[in-house]
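Enquirer: Chain by chain, the residues run as shown.
Protein chains: 2
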Amino acid sequence: MNVVRVAIAGFGGVGRATASLLFARRERYRDVYGADIRLVAVCGSRSGIADPNGLEPERLDALERVRSGPEFIEASGADIVIEAGPSDFRTGGPGLAYIRSALSVGRDAIVISKGALVHSGPELRALARSTGALLKLSGAAAAALPTIDLIEHSLKGCEVLEIEGILNATTNYLLDAMMNENLGFAEALARAQAGGFAEADPRNDTEGWDTASKLVLMANFGLDAELTMGDLAVEGIQSVRAHDILTWRKERVVPKLVGSLVRADGATRAAVGIRTYPPGDPLAHVSGKNKAIRITTDAMGETIAIGSGTEPLATAAAALKDLEHILTARAARPARGSGGAE
Amino acid sequence: MNVVRVAIAGFGGVGRATASLLFARRERYRDVYGADIRLVAVCGSRSGIADPNGLEPERLDALERVRSGPEFIEASGADIVIEAGPSDFRTGGPGLAYIRSALSVGRDAIVISKGALVHSGPELRALARSTGALLKLSGAAAAALPTIDLIEHSLKGCEVLEIEGILNATTNYLLDAMMNENLGFAEALARAQAGGFAEADPRNDTEGWDTASKLVLMANFGLDAELTMGDLAVEGIQSVRAHDILTWRKERVVPKLVGSLVRADGATRAAVGIRTYPPGDPLAHVSGKNKAIRITTDAMGETIAIGSGTEPLATAAAALKDLEHILTARAARPARGSGGAE
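If you read the protein sequences in the order shown, they are chains A and B. Read in my numbering, the first sequence has 144 at position 144, and its numbers run on one by one without any break. Read in my numbering, the second sequence has 193 at position 193, and its numbers run on one by one without any break.
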C-alpha cells in the first residue's frame, strides 16, 4: 500500500467538505489505486493541525492556534496540497504562497480558489513544469461543470475554435428575476442579497469579474494561452435597463452573462458580456446555480456541458477528481522530486 | 521517435474518414507524444492493402483483392487495431473476429462499430484485461458526444446513480416531425427515408435497438455492468399515435426516445422508451443529429453533455481521441505483451 499524504490549506466550508469527502472515499482510494491516503495537515488563516500519521475526522474540530502558513504545510510532509482559501485575483490571495511553496519543491497542487491562478497562472504553470509537479484546478475552473478536463480529455486531439460559458450563478439569478418578474437591476439585487444569492458587495459577480476569472483559467490552463484579466473586454449586467429587458422579451430571447473566447491565427481573444439565446438553444435554459460551457472544435462540432451540483460538495468532488487524476499520473511517472517536466 | 503501427479493419466512410484524420494529425502525434504513427494496413470485407513501413494516403485508393480478415490485419504487425466495419449486435458482425484477434495477442483495439461490443462486451472486456490490451470505444458509444469518458474522467470518483440519454438521430427527426408538422408516424418515416434521415429498414432506430445498444455499452464499459440486450425493456416510437402527440402538445412537453439506466443496491436496471421534457429542460432542445446524456451522481448532481458534430468526421475524431488516450497510457505502462492487467 502506497502512502500518499495530503494537506488542505484554507479550511472554510469548501476545505472542510473536501476533507469529509476524502475520508468517505478512503476505501475507494485503497481499492482502486492501492493508495493509503492520509490527511496530514489542515489549516485556516490562523489555526491548523498536523499529524504525520494522518488526522482522523474528529481532530479537525480542534484546530490549534498559530499553526498556519506555507511553512506549516511544508513541514507536514504532504505529497499533495489542496488549496481552498479565500480568492483574490488582484493580489493572488493567501493561496499564492501555498501554491508556490508546494510546486517549488515538486509537490502536486490541487487548487480550488481562483485568485492565485488568475493572478499568476503562467508563472505557476511554468513552476510546476520546472519541478515536475502537477497543478490541477477543476474546483477553481467551474467546480462540478467539466471545463478543462473536457478540453483535455473528451475533446482530445481536436482544435478548440471557440468557447462560450455561462459561469456565474448570481448573474443567472438577477437576469432571470429581471426578465420574469419585472424587477429592475437594483430591486433584483436587493432581493438576491436578502435571499443569500448575491454578496453584500456583488460587483465581482455583477460586473463580470468572476466570469472573467474562470475564462482566464480555461484559456491559460486548458488552451495554454497567456491571458491576463487586462486582456479581456469585461462588461457586466449592472447597466441593464428596463428597455433592454423589454427588447429581449419582445424578441423572445434569453439574456445570459457569457464569457467567450475565440482562437484564430494563433491568438486568443476573450471577453465577458451579455449574449442572448433563442429558446431552442439549450444554453437559454441554464439558470440558477447551473453553469454551462459550449466548446466548438474543428472535428467534433459543438459540445455543450451543463453542470449543477450542490455546494460545497460539488466543488469538493471536483477537487478530489483532480486527486484521482494525480494518483493515476503518479502511478505512471518516475519517482517524484526527480525534476523532470511532465 | 517511437513507431506506433495502426491498422483499420472496416474501410467504408467512417474508416476512410479515420484514416484521413490520422494522416492530418501525424505532426501532432510526433510533437505531443513523440510517436511516429504509421498506418500499416487497411481492409474492407473483400480487399485491403498493407505495408509494414506505413501507407501513404494515395495508396488507399488502390486496395487489393482478397487482402482482408483478422489474419491479414494480424500479419500487418499493427500495435493498435481500429475496427470500423458494419455493426450487427445479434451476431457481433465481422468486427468480433477482428477485435478478438487483436486483444488476444495484447494489441490495443479502438472499436467504432457497436455490434461486437453489444454482443460480446463482457467477454471482450475480460479478454483485454487478461492480455493487458486496451479496449476503447468512444466512437461506438455515441461518437462526438462524450459518454464513457465523461464517467471515467470528468466525474471520476463520483458514484453514478442514474443516466438518461437521447442517443438516436432518426427518432429525434421523426418525433420532431410528428410534433411540429402534424405528420403521422408512417408519413414522417416516409419523409425521413426520402431525405436520407432514416434507413430503408428503420426498425433498428425506430424500435429502440440502436439506443439500447449504446446504453448497454455505457453500462458495461462505463460502469462495469454485465447487461445484455435481453435485460432491457425496449420500447420504440413506432406505436406513437395522433392521440399521444395531441396530449404532449397540450401538456407543452417534448417527447424524446430515451435510454435510461438506474443503479441501486448493486444492480443496474436499464430501459428504452419515450420520455417527455418540459421546455425549461435543456434535453427538450436536443433535436436532429444532436445527442445528449444526463448523468446524475452522488457528489456532482446532474451533468448534461450535448454533442453535435458532422459525420463521419465526428466519429473519426472520437476514435482518434481513443488513440491519444492509448498513446498516453502506453507511455505509462511496461513494455506491451507483458500480459499484465491494466
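Calculated directly from the structure, the hints in this document are not laboratory data. Be a bit skeptical, because a hint or two may be false.
Identical copies carry no separate label here, and so any pair may be met within one copy or between two of them.
[Unchecked claim] Below, a list of computed lysine to aspartate or glutamate pairs in the DMTMM-like style, where the Cα atoms sit at most 25 Å apart: (1) Lys289 x Glu187; (2) Lys289 x Asp176; (3) Lys289 x Asp224; (4) Lys289 x Glu159; (5) Lys289 x Glu162; (6) Lys289 x Asp61; (7) Lys250 x Asp298; (8) Lys250 x Glu74; (9) Lys250 x Asp281; (10) Lys250 x Asp265; (11) Lys289 x Glu181; (12) Lys289 x Glu302; (13) Lys250 x Glu123; (14) Lys289 x Asp51; (15) Lys250 x Asp36; (16) Lys289 x Glu235; (17) Lys289 x Asp88; (18) Lys289 x Glu123; (19) Lys289 x Glu64.
Enquirer: With 25 Å as the alpha-carbon cut-off, assign the pair lysine 289 and aspartate 61 to within, between, both or neither.
Expert: For lysine 289 and aspartate 61, the Cα distance exceeds 25 Å both inside one copy (30 Å) and across copies (53 Å).
Enquirer: Please sort lysine 289 with glutamate 123 into within, between, both or neither, judging by C-alpha distance up to 25 Å.
Expert: neither (31 Å within a copy, 42 Å between copies)
Enquirer: How do lysine 250 and aspartate 265 come out at 25 Å by Cα distance, when the copy is not named: within, between, both, or neither?
Expert: neither (38 Å within a copy, 50 Å between copies)
Enquirer: When no copy is named, should lysine 289 and glutamate 187 be tagged within, between, both, or neither for a Cα gap of at most 25 Å?
Expert: So lysine 289 and glutamate 187 pass the 25 Å test inside one copy only (20 Å; across, 42 Å).
Enquirer: Within a copy, between copies, both or neither: which one fits lysine 289 and aspartate 88 at a CA-CA cutoff of 25 Å?
Expert: Within one copy only: 22 Å inside a chain, 43 Å across chains, cut-off 25 Å.
Enquirer: If the cut is 25 Å between Cα atoms, do lysine 289 and glutamate 181 qualify within a copy, between copies, both or neither?
Expert: Only inside one copy: lysine 289 and glutamate 181 sit 18 Å apart there, 35 Å across copies, limit 25 Å.
Enquirer: What label fits lysine 289 with glutamate 159 when the C-alpha limit is 25 Å: within, between, both, or neither?
Expert: Answer is between: at 21 Å across copies they meet the 25 Å cutoff, but 29 Å inside does not.
Enquirer: Between lysine 250 and aspartate 298, at a C-alpha cutoff of 25 Å, which is it: within one copy, between copies, both, or neither?
Expert: neither (35 Å within a copy, 40 Å between copies)
Enquirer: For the identical chains here, do lysine 289 and glutamate 302 meet the 25 Å Cα criterion within one copy, between copies, both, or neither?
Expert: both (23 Å within a copy, 12 Å between copies)
Enquirer: Have a look at lysine 250 and aspartate 36 and pick one of within, between, both or neither, based on CA distance no larger than 25 Å.
Expert: Classified as neither: same-chain Cα gap 59 Å, cross-chain 57 Å, threshold 25 Å.
Enquirer: How do lysine 289 and glutamate 235 come out at 25 Å by Cα distance, when the copy is not named: within, between, both, or neither?
Expert: within (20 Å within a copy, 34 Å between copies)
Enquirer: Regarding lysine 289 and glutamate 162, is the shortest C-alpha distance of 25 Å or less found within a copy, between copies, in both, or in neither?
Expert: both (23 Å within a copy, 20 Å between copies)
In summary, the numbered hints that this structure violates are 3, 6, 7, 8, 10, 13, 14, 15, 18, 19.
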